[in-house]
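Protein chains in written order, with the working numbering: chain A, 191 to 487; chain B, 4 to 514; chain C, 785 to 1106; chain D, 35 to 372.
In case anyone wonders, no lab produced these hints; they're calculated from the structure.
Quantities reported herein were computed from a predicted structural model and do not represent experimental measurements.
In this text, a Cβ means the ideal position worked out from N, Cα and C, and glycines have one as well.
Wrong hints could be hidden among the right ones.
[Said to hold, decoys possible] Computed spacing ranges between beta-carbons, pair by pair:
{"hint": "1", "chain 1": "D", "residue 1": "L153", "chain 2": "C", "residue 2": "E942", "range": "30 to 38 angstroms"}
{"hint": "2", "chain 1": "D", "residue 1": "S136", "chain 2": "A", "residue 2": "A458", "range": "55 to 63 angstroms"}
{"hint": "3", "chain 1": "C", "residue 1": "T808", "chain 2": "D", "residue 2": "R360", "range": "53 to 61 angstroms"}
{"hint": "4", "chain 1": "C", "residue 1": "E942", "chain 2": "B", "residue 2": "A127", "range": "46 to 54 angstroms"}
{"hint": "5", "chain 1": "B", "residue 1": "Q383", "chain 2": "D", "residue 2": "L153", "range": "37 to 45 angstroms"}
{"hint": "6", "chain 1": "A", "residue 1": "H382", "chain 2": "B", "residue 2": "V382", "range": "34 to 42 angstroms"}
{"hint": "7", "chain 1": "D", "residue 1": "A131", "chain 2": "A", "residue 2": "K410", "range": "23 to 31 angstroms"}
{"hint": "8", "chain 1": "A", "residue 1": "K352", "chain 2": "D", "residue 2": "Q193", "range": "39 to 47 angstroms"}
[To be verified] Chain C regions said to be covered by chain D (calculated; three or more residues, Cβ under 8 angstroms):
{"hint": "9", "region": "889-903"}
{"hint": "10", "region": "911-924"}
{"hint": "11", "region": "1033-1041"}
{"hint": "12", "region": "1090-1098"}
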Amino acid sequence: FAPAASAKALKVGFAQTGAESGWRTANTDSMKSEAVARGIDLKFADAQGKPENQIRAVRSFIAQGVDAIIIAPIVTTGWEPVLREAKQAKIPVIVMDRAVQVSDESLYACFIGSDFAEEGRMAADWLAKYTGGKGRILELQGTTGSDPANERRRAFAEGIAKYPDLKVIDSQSGDFQRQQGKEVMEALLKKHGRDFDIVYSHNDDMALGAIQAIEAAGLKPGKDVIIVSIDAIKEGVTAVADGKINCVVECNPLFGPKAYDAVAKIVAGQPVPRKQYNKDGLFDATNAAAALPTRQY
Amino acid sequence: MTEPLLAMRGIGKRFPGVVALNGVDFSVRAGEIHALLGENGAGKSTLIKVLTGVYAPDAGEILLNGRRVAPASPKEAEACGISTVYQEVNLVPSLSIAENIMLGRQPGRAGLLNWRALRRRARAALARLEIECDVEAELGSLSVALQQMVAIARALDLQARLLVLDEPTASLDEKEVADLFAIMRRLRGEGLGIVFVTHFLEQVYAVTDRLTVLRNGELVGEHTTAGLSRLALVSQMLGREVTAEIAAPGVAAAKGEKKSAPPLLAARGLARRGAIQGLDLELHCGEVTGLAGLLGSGRTETARLLFGIDRADAGELRVRGTLTRLRSPREAARLGFAFCSEDRKIEGIFPNLSVRENLIFALQAKQGAWRVLGRAEQVQLTEHYIAALRIKTPGPETPIRNLSGGNQQKVLLARWLATQPELIILDEPTRGIDIGAKAEIEQIIAKLRADGLAVLFISSEIEEVVHNSTRVVVLRERRRVAEFTGGDITAGRLMSAMAGGHVESKRQDSE
Amino acid sequence: MKASIRRRLPLLVTAGTFVVLFVTAGIMYDGFFSSRVFVNLFTDTASTGVAAVGMTLVIFSGGIDLSVGAVIGFTSILMATLVEKHGVHPAVAATAALALGAGLGAFMGMLIQVFRQPPFLVTLAGMFLARGGAWWISTESTEIKHPLLVGLSGFAWEPGGGLRLPTTALVLVAALAAGYVLAHHTRFGRNLLAIGGNEQSALLMGLPVAATKIWVYTLNGACAALAGLVAVIYSGSGNPSQGIGLELDAIAVVVIGGTLLSGGRGHMLGTLFGILIFGTIQSALLFDGRLGSAWLRIVVGLLLLGFILLQRLMLGRADRRS
Amino acid sequence: MSETRLQSFCRSPVVWPLAGILLLVLVNLVHDRSTAFLQVTVTDGHLYGTLVDILNQGSRCMLVALGMTLVIAVSGVDLSVGSLMAVGAAVAAVLLAREAHSVALAMTAALAATALAGLASGLLVTWVRVQPIVATLILMVVGRGVAQLITDGNVIIIQRAGFEFLGNGYLLGLPFSTVLVVALYLGAQVVLRRSAAGLFIEAAGDNETASRFAGLAVGRVKCLAYMTSGLCAGLAGLLAASNIRAADTLRGGENMELDAIFAVVVGGTALTGGRFSLLGSLVGALLLQTLTVTMYNLGVPPAVAPVPKALLIIGVCLLQSEKSRRWLGGLWSARKAA
Ligand SMILES: Nc1ncnc2c1ncn2[C@@H]1O[C@H](COP(=O)(O)OP(=O)(O)OP(=O)(O)O)[C@@H](O)[C@H]1O
Ligand SMILES: Nc1ncnc2c1ncn2[C@@H]1O[C@H](COP(=O)(O)OP(=O)(O)OP(=O)(O)O)[C@@H](O)[C@H]1O
Ligand SMILES: [Mg+2]
Ligand SMILES: [Mg+2]
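Just chain A, with the same shape it has in the complex:
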């Protein structure tokens, strides 16, 4: 489905994590459509959530002799050996979405990303302001061991540490899934009754599942229970506009333009900033309704 690449068309390899959420689909679409728009020959690799598949993809890109490689890492570690190979082959690497840990920063050209930790921090700050630093929190974690879950949990915990009256009283994994989010919430509702005030969910899908459970228990999400979530998929923002979620922190998946801009510059030998962040916003009752018509994903 890609147009026949002309001889001079840039050949870019993109190692995507997989297709685990709507957010990810939007991210992939952004990368693909932008490549078509710019006439780039995109080699797309879906790692199906397995880090080893991703490394394999990068090694294959090197073997294919692409002009640049973009990686959306599944995990932050484990990149050193393969990035060295890329460097030896003189292929620039752009790290996207989340950072990688390497001993030698020169192994990749630049980082364009979202900052999971920043998202967790933003959620904590908003919550502290909104509640005045008081409340009992139930946390719905993402997939155990996954990077976003780890970062969003840790940064949030750090963020609320300053407020002794703001405490996470229970934390369970909902695996980033709507179904699990609902199931876990049902169980936590039985366990804690009314003895909690806030639900912090690592993504919108789980939050939307949890809302259903809360409603089924006869409570009003957004009023009886304050709900904070991350991602800002369209449905999540809609829920904010409807007053069912109090706040979502945006994690913008539309990386396409920025990424290819960087590729073009690097290939042309121009300097690029080491780190760029996709601008992440925050939606609450004040701005959600207004933002809704322009949401793309």
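The hints should help you fit chains B, C and D with the ligands onto chain A, whose structure is shown.
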């Protein structure tokens, strides 16, 4: 001969609902062939399995050369010098013949196998039984009889003091049996003790020195073979007085040459590559057609073709005059055919299902899922056949795997009789069946014939073919070579036809 | 010697399909025919491949082991934590990891053999246990900086001719060779096949069934741990979530290689070709690089299906008998 | 003679998972130091409580386990159920997204699609003679891809009152999904045990060659088993979609195959095929759901959540084995003798 080689004293073994052995004494001397005899389910195999450590006895002790042993596994029994051929072929079908013979004692150095030596030794082991074949072939591709020979070759290859053979001859023909006996005699001469289980009285008298009879798990008696008449022996086994007829069959059945109406089944030029070539065969109602031939002559292959298990490559088949293509056993069963396979373990029983379920299965399959036999009907049917065939089982709900081999065979026969077929193909139906039951099966065959059924009877026992058939077709090297009817059916003629004119011609490796 | 050829037919067919597949891919994609791409087939599949070697042995015996993926994850994070956080020497850590893997395998083997429980269930428990253990050590992945491991990561043997064989590929080749000898030239290996072919018979033939079965799970546990070490070297990091779902890949590789899942029939060389075929499919798709997630799955599935149909078709002629 | 009835009950495969459930309930009670776990109240005219949740959320696994039981009984295994759940949900979702289609039509189409997929694996197994794990693995991979293709890789929201009833509604105070599953179980039980289908399935699983030689259309029996499994998975997918009012084709039904196989095996159906127990599978699925909820209730950290699952499996294994049973039996009779 002061001290027996093997002495088992007061052996007891019970299974849930069955006392398989009760205080059995059994002893074997070095340098003798000792027959272990009894009806189906008498406890012969169980006694052997206790001896070789498959089952732990509930009571009693085992002395080998006067020393007490208690093997906990066949491996330990082997280490004590006991080599065994079990009743069911217990080999690994997916491995080659050579490996099956040598498994567990492959030659080699420093832990690494020497494949060439292995094959050489396997070939030598088979050669002792006068079998020549490609030892790299997969065991599962062989007929049951050959597998049995391989099992024997394996047991003989072991350096043992005591050789145990549980019905090794059940699926062999005369030639193989003769070869085996020659070897058994030689081993006896070398001072081995041999335990030999069989249901063939001629074989008992042909090779054994002494015999032990079991009945219902109890010891009936130990005798020198020469000192016990056939009649007395059979009486001991069955526990009742017997008429001379069962003990020494051979009275010709009615062999009226009955040229009946069109045949029930007529095959013309039926062929299948590697199985059978251009076979002409007619099966008539009210006749028993015997199929004779040596091992691998294609008898089982013929039966499989006629029952739709394998498909023919060429030729035509007419059933009641209409051209028919059989594509599956199911279609054959719908046409009123029945097929009692020679390999009860793999092609016959449902080991974990009950005797009742095993018995009614073919009938139920024929009727389809929705026309269900009521429970009462099933039980009644089962009980009828348990009584009619004297199947020894604790009850209709016992899993069939707990029955003795012969009794399993009877259940399978009952399975097909229950479908009230018009043609019944019996491939070695009397394999492993005691003489009492064998006589009953012969009566059943006679009755089926009288009732107007067509019977195709396959047996490696020529006497049996002669005795039961009204017509005999002889196969050799996958071809039909002769047909006999009426008074022409004699053992001598069959044998010379099977062997290709001269009896001692050697079989060829058919591959 | 027709029988000897017939018995090896599945193997020949598998090898043939690999050649067909590789050549087709080479014609379709520029630059596919290179020693680098070929060596990558080993390098990139090393972890799965080493696990598949152990899995082959287990499947020979008629069993299955679902825990290998989780053991890889456990080994991976254990190594990283011991080496980086506690300053343990990598050799010591690796020995500990292998011992733990073998220990878990032995434990599962005991449950399977002594308590006669289905391998599927027992190894499922093993999988949960190992994964839980891995996450318990740490839910976050850890970078490895120890010079020895970094050196192994970067090392490659260059026998000349432009060939570069990295450590992981060498380990895989060694594991395959060892597996081959074990499976086809030792009593242990033949006993495995006998047990898989018919356990009851193997017992009556006087083979050491219980010991062999426990050993094979132990060995496979060690193999899985080795695969974990390979993963550590491959990625230079320890990740507790490594190898999720890898057991299915390993099983697929074994089965593609013509080994029967019901046990008793198979060949270690088949597993080699299974690895190559598996790797070729993945490589070809990466060279193509046009498929989205959904289509990728569909195409992988269909290729697998096509391959199996081809195998059936070629074999079907030969052994219609059984 | 009540003792023999007790004995036969003790030998039935349902006992051990049932004992497991009781044990877990006990753990919860002890942990809470109250009966909150067992409390069931009436809210909005239906029952409300943890036990109700277990029944409701467990119904999907119960349903899938029903189909899986039949497949395992014919000595197969179906790894594709999780993906087929996604396919079922996807088909229904895209049809329902357009107002024009009725709920009945959407559901029929979804079930037809998954049943067809089940048939495909059945044909692969019987006709092409691919090993069941491989055949259904292929379907597992392809199925998920197809589901993603149908929904374009998005979670599709479903808002149709009739459809929501399936996974959220209540009948006679009980979750409708549970009532549905129990009704299906009873129906299946009647069909399988009153007709000869149950016997055919057990025979085909116990010895395939023998059942073919005895005139059974083994291929047909197996195909039907796989089709039933596909159907059950599709319905479970609909239950899931209805429960969360959305079709999650990306992750929905993930790992369901392992849960279902676990439920079946714990419920006393051997993986080698043959004898099966549908009731055992249902209880096995409930045991799994009870465990999940127990872990939420005890606040087990997600990182170590797999460990209790492992311990439960090992525990059940040990209880089920002949060896420990004999040992326990020994203790029992010793106690009685004393
Ligand atoms: N594993 C078992 N479980 C329960 N009962 C058994 C088992 N094995 C044998 N039996 C029973 O023990 C009795 C003796 O069986 P055994 O196999 O020893 O008979 P046999 O003398 O060898 O008969 P055959 O001539 O038919 O082979 C039979 O009633 C049989 O049903
Ligand atoms: N001497 C032999 N060497 C190798 N294979 C043989 C030999 N004899 C027979 N076979 C194989 O055994 C298989 C079984 O043949 P078949 O079942 O038709 O024999 P049969 O006449 O029924 O004999 P039986 O049933 O007594 O074993 C054939 O496929 C044949 O290839
Ligand atoms: Mg016997
Ligand atoms: Mg035969």
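Is the distance from the Cβ of A/K352 to the Cβ of D/Q193 consistent with 39 to 47 angstroms? This hint holds: roughly 41 angstroms between Cβ atoms.
Verify the coverage statement for the region 1090-1098 of chain C against chain D, using a C-beta to C-beta distance below 8 angstroms and requiring 3 or more qualifying residues. With 3 residues in contact (Cβ-Cβ under 8 angstroms with chain D), the coverage given for the region 1090-1098 of chain C holds.
Are there at least three residues in the region 1033-1041 of chain C whose beta carbon sits under 8 angstroms from a beta carbon of chain D? Coverage by chain D holds for the region 1033-1041 of chain C (3 residues, Cβ < 8 angstroms).
That 46 to 54 angstroms hint for C/E942 and B/A127 (C-beta), does it hold up? Holds, since C/E942 and B/A127 (Cβ atoms, about 50 angstroms apart) stay within the stated range.
Count the residues of the region 911-924 of chain C whose Cβ falls closer than 8 angstroms to any Cβ of chain D, and tell me whether that reaches three. holds (count 9)
When you take the CB atoms of D/A131 and A/K410, is the distance between them in 23 to 31 angstroms? This hint holds: roughly 28 angstroms between Cβ atoms.
Do D/S136 and A/A458 keep their Cβ atoms within the hinted range of 55 to 63 angstroms? Hint holds: Cβ distance 58 angstroms, inside 55 to 63 angstroms.
Does the Cβ distance between D/L153 and C/E942 fall inside 30 to 38 angstroms? violated, 53 angstroms
Hint check for D/R360 and C/T808 - Cβ pair distance inside 53 to 61 angstroms: Given a distance of about 58 angstroms, which is inside 53 to 61 angstroms, the answer is holds.
Can the suggested window of 37 to 45 angstroms be confirmed for the beta-carbon pair B/Q383 and D/L153? Roughly 38 angstroms apart at Cβ, these two residues keep to the hinted range, so it holds.
Does 34 to 42 angstroms hold as the CB distance between A/H382 and B/V382, or does it fail? With a Cβ separation near 58 angstroms, A/H382 and B/V382 fall outside 34 to 42 angstroms, so the hint is violated.
For the region 889-903 of chain C, do three or more residues have a beta carbon lying closer than 8 angstroms to a beta carbon of chain D? That given contact holds, which follows from 6 residues of the region 889-903 of chain C lying within Cβ reach (below 8 angstroms) of chain D.
In terms of the numbered hints stated before, the structure departs from hints 1, 6, listed from lowest to highest.
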